[in-house]
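Student: Residue-level listing of the chains:
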Amino acid sequence: MSAGFLRRLLRRPVAIACLVYLVLVVLVAIIAPIVLPNVATQNAGNLLEVRLGPSLHHLLGTDDLGRDVLQRLLVGTRVTMLAVAEATVVSLVIGVSFGLVAGFFGGWIDSVVTWLGDLTFSMPWIVVLLVVLAVFPQDLTATMVVFGVLLSPGVMRVVRSAVLAIANELYVVAARVSGLTRTYIITRHVLPRIAGAIIVQAALVAAGALIGESALAVLNLIVVAPAPSWGGMIADGVNQIVLDPWLIWPPGLAVIFTILALGLLSNAARDASSERWSRPAHIVKRRTRRGGSAGQNGIGRLGSESEALLTVEGVTVTVGTPPTTNLIEDVGFAIHPGEAVAIVGESGCGKSVTAMSILGLLPGTVEITSGHVVFDGLDLAACGENQLRQIRGSDIALIPQEPIVSLDPVFRVGTQIADVVRRHEHCSRRAAKRRALELLERVRLPDPKRIARRYPHELSGGMAQRTAIARALAGSPRLLIADEPTTALDVTVQAEILDLLREIQTSQQMAILLVTHDWGVVADLCQRAVVMYAGQVIEHADVSSVFREPLHPYTAALLAADPHHASEDELLPTIPGSVPIPGRWPAGCHFHPRCQYAAADCRKAAVPVISPRNDHETRCIHHEDLLATA
Amino acid sequence: MRNPADDRGGGLLLHIRDLTVEYGQRGRPAFRALTGINLDIGTQETVGLVGESGAGKSTLGRAVLGITPVNSGTIHFAGRDITDARARERRQLSRELQVVFQDPYSSLNPTRTIGQTLSETLAVHEPLSRRELEARVHKMLARVGLPPDAAARFPGDFSGGQRQRIAIARALMVEPQLVICDEPVSALDLSVQAQVLNLLRELQQDLHVSYLFVSHDLAVVKYVSHRIVVLYRGRIVEEGDAAAIYGHPLHPYTQTLLNAAPVPDPVRQKKRREARLAQPGDPANSTPSHAGCVFTERCPHASNICRTEEPHLQESRGRTRVACHHWREIAATHNGRAADHEDSDT
Numbered sequence: 002m003s004a005g006f007l008r009r010l011l012r013r014p015v016a017i018a019c020l021v022y023l024v025l026v027v028l029v030a031i032i033a034p035i036v037l038p039n040v041a042t043q044n045a046g047n048l049l050e051v052r053l054g055p056s057l058h059h060l061l062g063t064d065d066l067g068r069d070v071l072q073r074l075l076v077g078t079r080v081t082m083l084a085v086a087e088a089t090v091v092s093l094v095i096g097v098s099f100g101l102v103a104g105f106f107g108g109w110i111d112s113v114v115t116w117l118g119d120l121t122f123s124m125p126w127i128v129v130l131l132v133v134l135a136v137f138p139q140d141l142t143a144t145m146v147v148f149g150v151l152l153s154p155g156v157m158r159v160v161r162s163a164v165l166a167i168a169n170e171l172y173v174v175a176a177r178v179s180g181l182t183r184t185y186i187i188t189r190h191v192l193p194r195i196a197g198a199i200i201v202q203a204a205l206v207a208a209g210a211l212i213g214e215s216a217l218a219v220l221n222l223i224v225v226a227p228a229p230s231w232g233g234m235i236a237d238g239v240n241q242i243v244l245d246p247w248l249i250w251p252p253g254l255a256v257i258f259t260i261l262a263l264g265l266l267s268n269a270a271r272d273a274s275s276e277r278w279s280r281p282a283h284i285v286k287r288r289t290r291r292g293g294s295a296g297q298n299g300i301g302r303l304g305s306e307s308e309a310l311l312t313v314e315g316v317t318v319t320v321g322t323p324p325t326t327n328l329i330e331d332v333g334f335a336i337h338p339g340e341a342v343a344i345v346g347e348s349g350c351g352k353s354v355t356a357m358s359i360l361g362l363l364p365g366t367v368e369i370t371s372g373h374v375v376f377d378g379l380d381l382a383a384c385g386e387n388q389l390r391q392i393r394g395s396d397i398a399l400i401p402q403e404p405i406v407s408l409d410p411v412f413r414v415g416t417q418i419a420d421v422v423r424r425h426e427h428c429s430r431r432a433a434k435r436r437a438l439e440l441l442e443r444v445r446l447p448d449p450k451r452i453a454r455r456y457p458h459e460l461s462g463g464m465a466q467r468t469a470i471a472r473a474l475a476g477s478p479r480l481l482i483a484d485e486p487t488t489a490l491d492v493t494v495q496a497e498i499l500d501l502l503r504e505i506q507t508s509q510q511m512a513i514l515l516v517t518h519d520w521g522v523v524a525d526l527c528q529r530a531v532v533m534y535a536g537q538v539i540e541h542a543d544v545s546s547v548f549r550e551p552l553h554p555y556t557a558a559l560l561a562a563d564p565h566h567a568s569e570d571e572l573l574p575t576i577p578g579s580v581p582i583p584g585r586w587p588a589g590c591h592f593h594p595r596c597q598y599a600a601a602d603c604r605k606a607a608v609p610v611i612s613p614r615n616d617h618e619t620r621c622i623h624h625e626d627l628l629a630t631a
Numbered sequence: 061m062r063n064p065a066d067d068r069g070g071g072l073l074l075h076i077r078d079l080t081v082e083y084g085q086r087g088r089p090a091f092r093a094l095t096g097i098n099l100d101i102g103t104q105e106t107v108g109l110v111g112e113s114g115a116g117k118s119t120l121g122r123a124v125l126g127i128t129p130v131n132s133g134t135i136h137f138a139g140r141d142i143t144d145a146r147a148r149e150r151r152q153l154s155r156e157l158q159v160v161f162q163d164p165y166s167s168l169n170p171t172r173t174i175g176q177t178l179s180e181t182l183a184v185h186e187p188l189s190r191r192e193l194e195a196r197v198h199k200m201l202a203r204v205g206l207p208p209d210a211a212a213r214f215p216g217d218f219s220g221g222q223r224q225r226i227a228i229a230r231a232l233m234v235e236p237q238l239v240i241c242d243e244p245v246s247a248l249d250l251s252v253q254a255q256v257l258n259l260l261r262e263l264q265q266d267l268h269v270s271y272l273f274v275s276h277d278l279a280v281v282k283y284v285s286h287r288i289v290v291l292y293r294g295r296i297v298e299e300g301d302a303a304a305i306y307g308h309p310l311h312p313y314t315q316t317l318l319n320a321a322p323v324p325d326p327v328r329q330k331k332r333r334e335a336r337l338a339q340p341g342d343p344a345n346s347t348p349s350h351a352g353c354v355f356t357e358r359c360p361h362a363s364n365i366c367r368t369e370e371p372h373l374q375e376s377r378g379r380t381r382v383a384c385h386h387w388r389e390i391a392a393t394h395n396g397r398a399a400d401h402e403d404s405d406t
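Top line first, the protein sequences correspond to chains A and B. For what it's worth, the working numbering labels the leading residue of the first sequence as 2, then goes sequentially. For what it's worth, the working numbering labels the leading residue of the second sequence as 61, then goes sequentially.
Next up, chain A with everything else stripped away, as it sits in the complex:
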């Protein structure tokens, strides 16, 4: 918590308003009893002026003993604020320290602390407070300290669970390995992360203490009369509510505003404390309707032969409300029936966006703004959601990267597959179940009956991916989109999954669009490759041409960076820099700042797709130079 924190906090208008209010309350608590020394001992005011409403002479009126309400409210602030501070400090000190220790050290310490917390929680607080008041009659301090102790298990639990999560983070493990002491790790690594949670808890406890103080007064358990307090005044107001309903308002509003200010300020403070290091969260809005599509470019590509199953033409996808940012631009390729096509590239190049745009599964404000996605004669980019839903699963299916996550954890896998079958085939439950077992057998799972009864978490990664493939096959799709289907799997399991995909591809004439970053997987499964860089297709050809004679420097460099080809005695050839993020793409060729063949003409204008060979496209004007040096 530093000057920077304060600056970030004061950037929020709500925080300023709350802060001003709370500082004012504290100032009043300090100054009022000094300026108005007689109020605290005043037993009665002018008994001729009791229960007057607000007037110029008495701004908030007078109470049943003729005392000025405003003066009593101001002077009473000190007693109330002290009470709140006592309870808050006690519960934070106990709650935070015990929570930290329990969460960080775990084991038996955690068990003991949690047990103590539960014990405290289960105590009837009103009985405890009565006992305290019996021992320390009329002692507000003792009562509030005990009140703080009673509130501390709540703080302890929140802190404990926050710390528990952080204690297992790799950076805490790394800090331990680095020889840092536990005290250092707790104060420098753990505390800043839970500062937000502590701030919110502090506000909650303070609000609770404020209400507690009022409640004790209303129950007549603490009567500090004649000295005023907010709680005492509320109690007076409650007693007089029939004669003068007004009296409850001034202290009541003071309590409500203070609680409100505490809550709002704590929210702002929590945000400000993490703003420095956390990135703003993406605003993800569920998209229900697709925007209009209007693209005319990119016709006459290599992929637009009439027999193609899927033709992607000049597709541009943007994110955000205007001004929008392009995620992919002018993407075009085609997939023929029974063909396996790879989209290759590094993260951030637009591989997954391309795949998802085919299915119309783009999140939030991401949408296709131009181009066509023609599947079997139908432009999916212009289709409505209903039409797309018909196509998804039955004509085009998807298998995701993380198979276990993609399955619903609360249903048995057999049921999940049977549900998909029923959706596509409208058959009886029993027939769907039978078909599900066939599908599980189809993906060569041993003992399909037993697997069908399992829950997703009971499957290994390979089994789960086979199950996901079985589910994708339920609608007998003609195109299967596989987004990094083997990245999370062991090599031996990956080989089996690739074998399975190949077998399905050939036996059912199913086309596959494989999104991957692994050249080995491309070589193993695919016939053609689409290489993407910074939102564009930069090379498109059959797999053997791409591997033997790449016509784009990025493809060549990416192939060379693969340690498969490397000699152990030399450094790996690298590409300087990194992939630019969408919105920061350079003018001209997107790759030119990292390209060793770049010349003036690469920077000048956008590079079009050219076809130097039959069925081999590149987005490089200097591919001759590349060939010459290769």
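Heads up, a few of these hints could be off.
To be verified - Each pair of labels, with its calculated beta carbon distance range:
1. A:119 x B:364: 56 to 64 Å
2. A:454 x B:375: 47 to 55 Å
3. B:84 x A:488: 26 to 34 Å
4. B:217 x A:571: 31 to 39 Å
5. A:321 x B:72: 52 to 60 Å
6. B:388 x A:587: 56 to 64 Å
7. A:570 x B:141: 35 to 43 Å
8. A:600 x B:379: 46 to 54 Å
9. B:235 x A:508: 53 to 61 Å
10. A:584 x B:141: 50 to 58 Å
11. B:217 x A:321: 14 to 22 Å
12. A:454 x B:78: 35 to 43 Å
13. B:129 x A:508: 49 to 57 Å
14. B:90 x A:409: 29 to 37 Å
None of these hints come from the bench; they were simulated from the model. For every residue, glycine included, the Cβ atom is placed at its ideal position computed from N, Cα and C.
Fit chain B to the given chain A structure using the hints.
Tutor: Just chain B, lined up with the frame of chain A:
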């Protein structure tokens, strides 16, 4: 990178004997993550640890770091027994022994600047002034290819590759002798992976550091390692010179692993795939229920002895050791294929 131990002065840095690690909770049978591991790492040597998930690769690294408790066996580091080192001893050890994790996102504290992260380890060991610390941080940032102003920024400002450079910088700030690299490039893209692998190599030459390099990617391990250790179900099934293991694998499991990894060449990959599919073996059934070799159920060469007797690591020809009853026959039949494999691989 093929410089055998004698080139490096032959100093023995890490010496592990009969290491066994079990995970268990009360009331449940313990899971044995590592069984009878023997492993040595010399000065300025890189030992690659490969195997499938659940083989115990990461556990071995964590046992050396003292994050995972050891059930039996010993770990010696630079002559000292560190098997049950207490917190104070560990703190001193951290000067020599560091770690780089796989996930460059959760391995850096998002609330601390890069400068704070890099300097805190050093400050534990050396009483340096603020200015000296800053100079060391800038020097290290330059060494891993980051600008000096990175010190004032937060992890959130950096890409995965840059974060992994920062994690490497943190590990090397104190100039340790051994760095445990737990899948350090698995989360990175190909071109970034190449940059980080090169960096690790350059740093090894400059700082004479040793690496225990855990990875599931055989091509990466082959590229960075002097020696390779293959783990299967918590046991070492084969170990030895990296080129020998990669070129002439003798254990059926090592062969399975190597054959399963696709190579970036459609023609060669097709040949390899056909060869792999011609091999018998039932990968789906893999739970051994006997006292013999743990790989029997997946092994195309399995015989009766494999089910009754557990094979021990024995010297093979060449510079490898293998735990297989049938390695001699495999070596004989495999000769032709291995030679072919090596031809096309170099």
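Student: Now tell me, hint by hint, if it's right for this structure.
Tutor: The hints, checked one at a time:
no.: 1; hint: A:119 x B:364: 56 to 64 Å; in the structure: holds, 58 Å
no.: 2; hint: A:454 x B:375: 47 to 55 Å; in the structure: holds, 49 Å
no.: 3; hint: B:84 x A:488: 26 to 34 Å; in the structure: holds, 31 Å
no.: 4; hint: B:217 x A:571: 31 to 39 Å; in the structure: holds, 33 Å
no.: 5; hint: A:321 x B:72: 52 to 60 Å; in the structure: holds, 58 Å
no.: 6; hint: B:388 x A:587: 56 to 64 Å; in the structure: holds, 60 Å
no.: 7; hint: A:570 x B:141: 35 to 43 Å; in the structure: holds, 37 Å
no.: 8; hint: A:600 x B:379: 46 to 54 Å; in the structure: holds, 49 Å
no.: 9; hint: B:235 x A:508: 53 to 61 Å; in the structure: holds, 59 Å
no.: 10; hint: A:584 x B:141: 50 to 58 Å; in the structure: holds, 56 Å
no.: 11; hint: B:217 x A:321: 14 to 22 Å; in the structure: holds, 21 Å
no.: 12; hint: A:454 x B:78: 35 to 43 Å; in the structure: holds, 42 Å
no.: 13; hint: B:129 x A:508: 49 to 57 Å; in the structure: holds, 51 Å
no.: 14; hint: B:90 x A:409: 29 to 37 Å; in the structure: holds, 32 Å
The structure shown violates none of the earlier numbered hints.
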